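Undergrad: Sequence:
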Amino acid sequence: MSNPILWKLAHGLCVTSYACMFVASFIAFAGTDIGLKEGFNTSIYIHAAPWGAAAVAMIGTISSAALFAKLSELDDPNQNETTEKRHLKRQTTAVIGVAFSLCLIIADIIIASALANASTMVRHNSTTPLNADWYMVVVSAIITGARIIMDLCKLIEWSKEMHGVHSLLEDVERNDEIDEPYRD
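Just so we're aligned, residue 1 is where the sequence shown starts under full-length UniProt numbering, counting upward by one.
Take the hints with a grain of salt, since some may be wrong.
[Unchecked claim] Pairwise CB distance ranges (calculated): (1) 84 / 44: 50 to 56 Å; (2) 27 / 110: 35 to 41 Å; (3) 85 / 59: 27 to 33 Å; (4) 48 / 6: 53 to 59 Å; (5) 83 / 149: 36 to 42 Å; (6) 145 / 44: 51 to 57 Å; (7) 55 / 16: 15 to 21 Å; (8) 116 / 145: 26 to 32 Å; (9) 120 / 27: 28 to 34 Å; (10) 85 / 6: 24 to 30 Å; (11) 113 / 160: 18 to 24 Å; (12) 105 / 83: 29 to 35 Å; (13) 45 / 89: 41 to 47 Å; (14) 16 / 48: 23 to 29 Å.
If you're looking for bench data, these hints aren't it; they were derived computationally from the structure. Quick caveat: nothing in here was measured; it's all calculated off a predicted structure. For each residue, glycine too, the CB sits at the ideal point set by N, CA and C.
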């Protein structure tokens, strides 16, 4: 996981998938809106499911982009902070991001279920936008799950990195203690 390109790619794909889900939700809403005007779809549930998907997609897009930006900023070693302070901020941000991403996956599962139920309530010719939205919800959930795994790997890498820094500092301190009697 020391390759930052894969980690950044996973975050970028997550942002992109939620943005695409947002677009698919509005297309599904337009499709169900046309169906409601023509009298095919009588349930408001069918009309509301894409709105729920759009809300989750908007929250997912914004939060994924913010998490990616913050973690990229904190992963930059050129900042004027102590290593321990930067490490604590990175870990805290990543843990909060993983927890929020798990909530997004739960919301994706709920929305996917709602979209699947809504698509069974409409005539066959008007299910395509709902099905496309459902596929984007599933893809977003899978990519978010992959990003969570990569973030957890990055957390482990950062912990090992911090452990290495502490071990090095302990060795330096131990060597200074050994050398002190000979300095007189």
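Undergrad: A separate judgement is required for each hint: does it hold in the structure or not?
TA: Checked hints:
Checked against the hint of 50 to 56 Å, the C-beta distance between residue 84 and residue 44 comes to roughly 54 Å, which is consistent with it. For residue 27 and residue 110, the Cβ-Cβ distance of about 20 Å falls outside the hinted range of 35 to 41 Å, so the restraint is violated. Our hint of 27 to 33 Å for residue 85 and residue 59 holds, since their Cβ atoms are close to 29 Å apart. A C-beta distance of roughly 38 Å is found between residue 48 and residue 6, which places it outside the suggested range of 53 to 59 Å.
Judged by the Cβ atoms, the range 36 to 42 Å given for residue 83 and residue 149 is violated: they are separated by roughly 26 Å. Taking the beta carbon of each, residue 145 and residue 44 are about 31 Å apart, not inside 51 to 57 Å as hinted. A C-beta distance of roughly 18 Å is found between residue 55 and residue 16, which places it inside the suggested range of 15 to 21 Å. With their beta carbons about 19 Å apart, residue 116 and residue 145 fall outside the hinted range of 26 to 32 Å.
For residue 120 and residue 27, the Cβ-Cβ distance of about 19 Å falls outside the hinted range of 28 to 34 Å, so the restraint is violated. Restraint check, residue 85 to residue 6: a C-beta distance of roughly 27 Å satisfies the suggested window 24 to 30 Å. Taking the beta carbon of each, residue 113 and residue 160 are about 39 Å apart, not inside 18 to 24 Å as hinted. For residue 105 and residue 83, the Cβ-Cβ distance of about 32 Å falls inside the hinted range of 29 to 35 Å, so the restraint holds.
The hint said 41 to 47 Å for the Cβ distance between residue 45 and residue 89, and at roughly 43 Å that hint holds. At roughly 26 Å, the beta carbons of residue 16 and residue 48 sit within the given window of 23 to 29 Å.
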